[in-house]
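Visitor: Could you build the full structure based on these sequences and the hints that come with them?
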Amino acid sequence: MQTASERDLLSRLHLDGALLGGTVLLCALGLLVLYSASGESTEVVLRQGLRMLLGLGAMCAIAQFSPAQLARWAPMFYLLGVCLLLVVAVVGTGRGSQRWLDLGFIRFQPSEIMKLAVPLTVAWFLNDKLLPPSVPVVAVALVGILIPVGLVMEQPDLGTAILIIVPGLLVLFFAGLGWRWVAAAACAVAALAPIGWYAMHDYQRQRVLTLLDPTQDPLGTGYHIIQSMIAVGSGGWSGKGWLNGTQSHLEFLPERATDFIFAVYCEEFGLLGVLVMLAAYSLVLARGVQIAAGAQEGFGRIIAASLSLTFFFYIFVNMSMVIGQLPVVGVPLPLVSYGGTSLVTLMTGLGILMSIQTHRRFIVDS
Amino acid sequence: MPWNRRSWWSIVLGGDRQFGAQKRDLGMFTRRLWLGIAAMVALATVLVARLGWLQLANHEHYITLSQSNRLRLLPIPPTRGLIYSRDGVLLADNRASFALEIVPEQARDLERALLDIRKVITLEEGALERFAKEVRQKRRFDNVTLKSNLSEEEVAMFAVNRHRFPGFEIKARLTRYYPLGSQFAHLIGYVGRINQEELKRIDVSDYSGTTHIGKEGVEKAREETLHGKTGYQSVEVNAQGRILRVVDRVAPVAGKDVHLTVDTGLQAVAAAALAGHRGAIVALEPATGAVLAFVSNPAFDPNQFVNGISTALYSEWRDSPDRPLFNRALQGLYPPGSTIKPAMAIAGLHFGQRQPGDSSYCPGWMRLPGHTHKYRCWQKTGHGTVDLARSIAESCDVYYYDLARDLGIDRMHEMLGQFGLGGLTGIDLPGELAGLLPSREWKQRARKLPWYPGETLINGIGQGFMLSTPLQLAQMAAVLANRGEVMAPHVVANLEDAATREVESIVPFRRGAVTLKDPAQWKHAIEGMRQVVNGPTGTARATGKGATYEYVGKTGTAQLFKIAQDRTVRNEDVAKHLRDHALFIAFAPINQPEIALGIIVENGESGSKTAAPIARQLLDYYFATLGQRDANG
Numbered sequence: 001m002q003t004a005s006e007r008d009l010l011s012r013l014h015l016d017g018a019l020l021g022g023t024v025l026l027c028a029l030g031l032l033v034l035y036s037a038s039g040e041s042t043e044v045v046l047r048q049g050l051r052m053l054l055g056l057g058a059m060c061a062i063a064q065f066s067p068a069q070l071a072r073w074a075p076m077f078y079l080l081g082v083c084l085l086l087v088v089a090v091v092g093t094g095r096g097s098q099r100w101l102d103l104g105f106i107r108f109q110p111s112e113i114m115k116l117a118v119p120l121t122v123a124w125f126l127n128d129k130l131l132p133p134s135v136p137v138v139a140v141a142l143v144g145i146l147i148p149v150g151l152v153m154e155q156p157d158l159g160t161a162i163l164i165i166v167p168g169l170l171v172l173f174f175a176g177l178g179w180r181w182v183a184a185a186a187c188a189v190a191a192l193a194p195i196g197w198y199a200m201h202d203y204q205r206q207r208v209l210t211l212l213d214p215t216q217d218p219l220g221t222g223y224h225i226i227q228s229m230i231a232v233g234s235g236g237w238s239g240k241g242w243l244n245g246t247q248s249h250l251e252f253l254p255e256r257a258t259d260f261i262f263a264v265y266c267e268e269f270g271l272l273g274v275l276v277m278l279a280a281y282s283l284v285l286a287r288g289v290q291i292a293a294g295a296q297e298g299f300g301r302i303i304a305a306s307l308s309l310t311f312f313f314y315i316f317v318n319m320s321m322v323i324g325q326l327p328v329v330g331v332p333l334p335l336v337s338y339g340g341t342s343l344v345t346l347m348t349g350l351g352i353l354m355s356i357q358t359h360r361r362f363i364v365d366s
Numbered sequence: 367m368p369w370n371r372r373s374w375w376s377i378v379l380g381g382d383r384q385f386g387a388q389k390r391d392l393g394m395f396t397r398r399l400w401l402g403i404a405a406m407v408a409l410a411t412v413l414v415a416r417l418g419w420l421q422l423a424n425h426e427h428y429i430t431l432s433q434s435n436r437l438r439l440l441p442i443p444p445t446r447g448l449i450y451s452r453d454g455v456l457l458a459d460n461r462a463s464f465a466l467e468i469v470p471e472q473a474r475d476l477e478r479a480l481l482d483i484r485k486v487i488t489l490e491e492g493a494l495e496r497f498a499k500e501v502r503q504k505r506r507f508d509n510v511t512l513k514s515n516l517s518e519e520e521v522a523m524f525a526v527n528r529h530r531f532p533g534f535e536i537k538a539r540l541t542r543y544y545p546l547g548s549q550f551a552h553l554i555g556y557v558g559r560i561n562q563e564e565l566k567r568i569d570v571s572d573y574s575g576t577t578h579i580g581k582e583g584v585e586k587a588r589e590e591t592l593h594g595k596t597g598y599q600s601v602e603v604n605a606q607g608r609i610l611r612v613v614d615r616v617a618p619v620a621g622k623d624v625h626l627t628v629d630t631g632l633q634a635v636a637a638a639a640l641a642g643h644r645g646a647i648v649a650l651e652p653a654t655g656a657v658l659a660f661v662s663n664p665a666f667d668p669n670q671f672v673n674g675i676s677t678a679l680y681s682e683w684r685d686s687p688d689r690p691l692f693n694r695a696l697q698g699l700y701p702p703g704s705t706i707k708p709a710m711a712i713a714g715l716h717f718g719q720r721q722p723g724d725s726s727y728c729p730g731w732m733r734l735p736g737h738t739h740k741y742r743c744w745q746k747t748g749h750g751t752v753d754l755a756r757s758i759a760e761s762c763d764v765y766y767y768d769l770a771r772d773l774g775i776d777r778m779h780e781m782l783g784q785f786g787l788g789g790l791t792g793i794d795l796p797g798e799l800a801g802l803l804p805s806r807e808w809k810q811r812a813r814k815l816p817w818y819p820g821e822t823l824i825n826g827i828g829q830g831f832m833l834s835t836p837l838q839l840a841q842m843a844a845v846l847a848n849r850g851e852v853m854a855p856h857v858v859a860n861l862e863d864a865a866t867r868e869v870e871s872i873v874p875f876r877r878g879a880v881t882l883k884d885p886a887q888w889k890h891a892i893e894g895m896r897q898v899v900n901g902p903t904g905t906a907r908a909t910g911k912g913a914t915y916e917y918v919g920k921t922g923t924a925q926l927f928k929i930a931q932d933r934t935v936r937n938e939d940v941a942k943h944l945r946d947h948a949l950f951i952a953f954a955p956i957n958q959p960e961i962a963l964g965i966i967v968e969n970g971e972s973g974s975k976t977a978a979p980i981a982r983q984l985l986d987y988y989f990a991t992l993g994q995r996d997a998n999g
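Those protein sequences? They're chains A and B, same order as listed. In terms of my numbering, the first sequence is numbered consecutively and its last residue is 366. In terms of my numbering, the second sequence is numbered consecutively and its last residue is 999.
These aren't lab readings, by the way, just hints derived from the structure by calculation. Computed from a predicted structure; not experimentally measured. Keep in mind that a hint or two might mislead.
[Said to hold, decoys possible] Sample of chain A residues facing chain B (criterion: CB under 10 Å; computed from the structure):
no.	residue
1	GLY176
2	TRP237
3	LYS240
4	LEU243
5	PHE312
6	GLN325
7	PRO327
[What the hints assert, rightly or not] Counterexamples of contact, computed for chain A against chain B with all Cβ distances above 12 Å:
no.	residue
8	LEU31
9	GLU40
10	LEU79
11	LEU80
12	VAL90
13	ILE162
14	ALA191
15	TYR198
16	TYR203
17	GLY233
18	SER238
19	CYS266
20	SER320
21	ILE323
22	GLY330
Glycine is no exception: its CB is placed at the ideal position from the N, C-alpha and C atoms.
Guide: Below you can see the structure in the form of structure tokens.
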């Protein structure tokens, strides 16, 4: 329990202690690993620290707005995001795929906006409809989700597309999508998988194949997975110690500061360290679920639940990819992976949770 | 269904939340939230289980993989042992040779530098293409050899211009060098690059840093000793293979030095004596079997083989009618001719077929009863009445036809075999041939024919089927000198650890002995050999004159040219390569012999004319220098 004065202070600032604490703890862990993963570069750590401050700022800022305000703005952000995605498709920059929009003073991925704009918009749309949602309502929602997803897939950026579609579908689910729909969707996915296989780019297909048997091509596409598993496995129970990971420091690990930073963490801190990290994530997740359960409005409930599960989805997919359980897709480890855009998005999401929690109309519980 | 009763527009935009739905919605939401929590817990369990499997259950496996990722073993080749002569002269040396190596990533404007470097060193045609290919195959930080075997001028020129070529470096490497060249070629052999066949034979890990291996001679026979033990460096590398630091280092153990029994002075005299001839000389120390000189002529320059011989030179040597690559001393098979007569005489005495005083009458030929074929003595006019000593001194063939007939091939085979003919001497050099000492079994086996009596006669004077190597002749002389003791010939005196100065001596090996019923019988044969050089009628009396030491010998002349019955052919009329081989065996002094010789001069016409004088030169040198030195030492 928090003391009354603290509660007053944080509540007045529309902040949530548990979420803030968990976030800061995970950011600290992230900077710690990043120092090692970047080859002990203070510069990289400082840059990431600045981004974290920026993210914290975004989190605190978004928490100041009530869920009702957020719901009202969501469609506008959604439309803005779709427009920007169209712009990116025409003039975007990036290696291999067009993801970035260069505004001169800042480069950002419009697809990031959609990670929040899509669930907010869908939740806003469903909020005043009959439950369970009727067929045309679901159809409209699906189209709303699939437009940005399709644009992002075109870039191509499978990871981000998944991270847009998942919160969108979670909103539908928590809004009471009929089980028949869920079953039909599952069947559709199973039926469409072969078609999806042919729609995939070669490198994406290769990643899936590699996952099934990484040893088949140990120097080619399997190399990254094998090296990542070696890093994780060689960490053992207590790890090789901070800055002592050979897999990362001798550059055997790919993308060791970004998507594979968890492998560096596993190598240096072992299973013990992993459990500590999972505990920190659990703190954030538990609080998210608690906020969802305690939310008073349908919109807040649905958003809180979908954002919490999406947060978990990030963690699960990233870690699974690092330990060779899922194909390599560009999903960062939330709050820990190096990189600014997804960090700010995630922290904004946590800010929305804070908003839902702190803008409750207080009802005196019996 | 409610939707078909209302317009699309109202469905999409219109709110239709009903009272009472709130409570039901909350129940549904809570159930679904629990479902979400359950899913998260289940998936988190999968994560932790997988992490536990990797980090706990398979930790050992992955720690091994990460270690083998990180560490590389780099071999450090040992320094090859040196080879010295008995008198301490260096016969096989390791010399620094220089190669120009380039690390592409360190070079500034590699293409320009490669153009400029041609002003400093001369590059062969195609060298740049080969270099460019190698650069593409290797990594940017690996060094690539541009040119090996730089001359001293090139090294000096490069040293002066070095600053202009960053990333270029002169690397010194040890290369085998044989200072005395061809003189010891057939004894020491040479090293060369390891080939596929040898790769299969050797322990590859022990040769991981070694490029060369002994191919012939002592270099091959003592490969294990000379090579030493490979050391290694354990280095930490990054994913690109760049060496970051040395973790562990085990120093190589240099090969041991090999000290030979051969004396460079005597070897030089032997080589000089054979100059212009095809032939071989082997000198042994009878008491130990130590080889004092070992020459096969013509020879070759072994240095040519070390870094790969040019095809042109190799074909020249291979195709030359003089066959310089052929080791005559070990592998040359010649009819021993009359040099076996002392051993035959010993056989006659031992088996009781002759007493020293028994004599045969030599009219210049002999005929087997019932046969018309005349077995000729080399002395056409005949030797008259010949006893054992005279039969050796004058090399009477008829005496030995007679004796061979009385002994029969079986007893000849038994006795001559004990002298080492027809078998390997067991010398510590590779490739020795056994020659041929015929027997009934051999003929049945090899020719599918019975033994004919006439063949006994011919083989009784060392002709016919008999074949022996110069080494076997020297061995036979040594057995005579030892009065029966058979010592295995050897060329290595001792092995010395260059670091600890620890010396491992090779103990002379006694292979057996020719044991006579009466050991006194030896002196009769040796008396005959003494008369060869000292007797008034000895075949080598001309070369025996004036010696300050007492030596004995036996001439031999091996016929290559089949002479028709009743015809005389003078050697001068025969093409040189068909002329008789000249042979000589000798030992000295008579009592406590120090040196035994086997000499063959191909197409030297006669033992007394060509081979015996060579023996005299060697013995003169030996007693003028080495005999004294041994006395002083």
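Visitor: Which numbered hints turn out to be false for this structure?
Guide: 4, 7, 17, 18, 19, 20, 21
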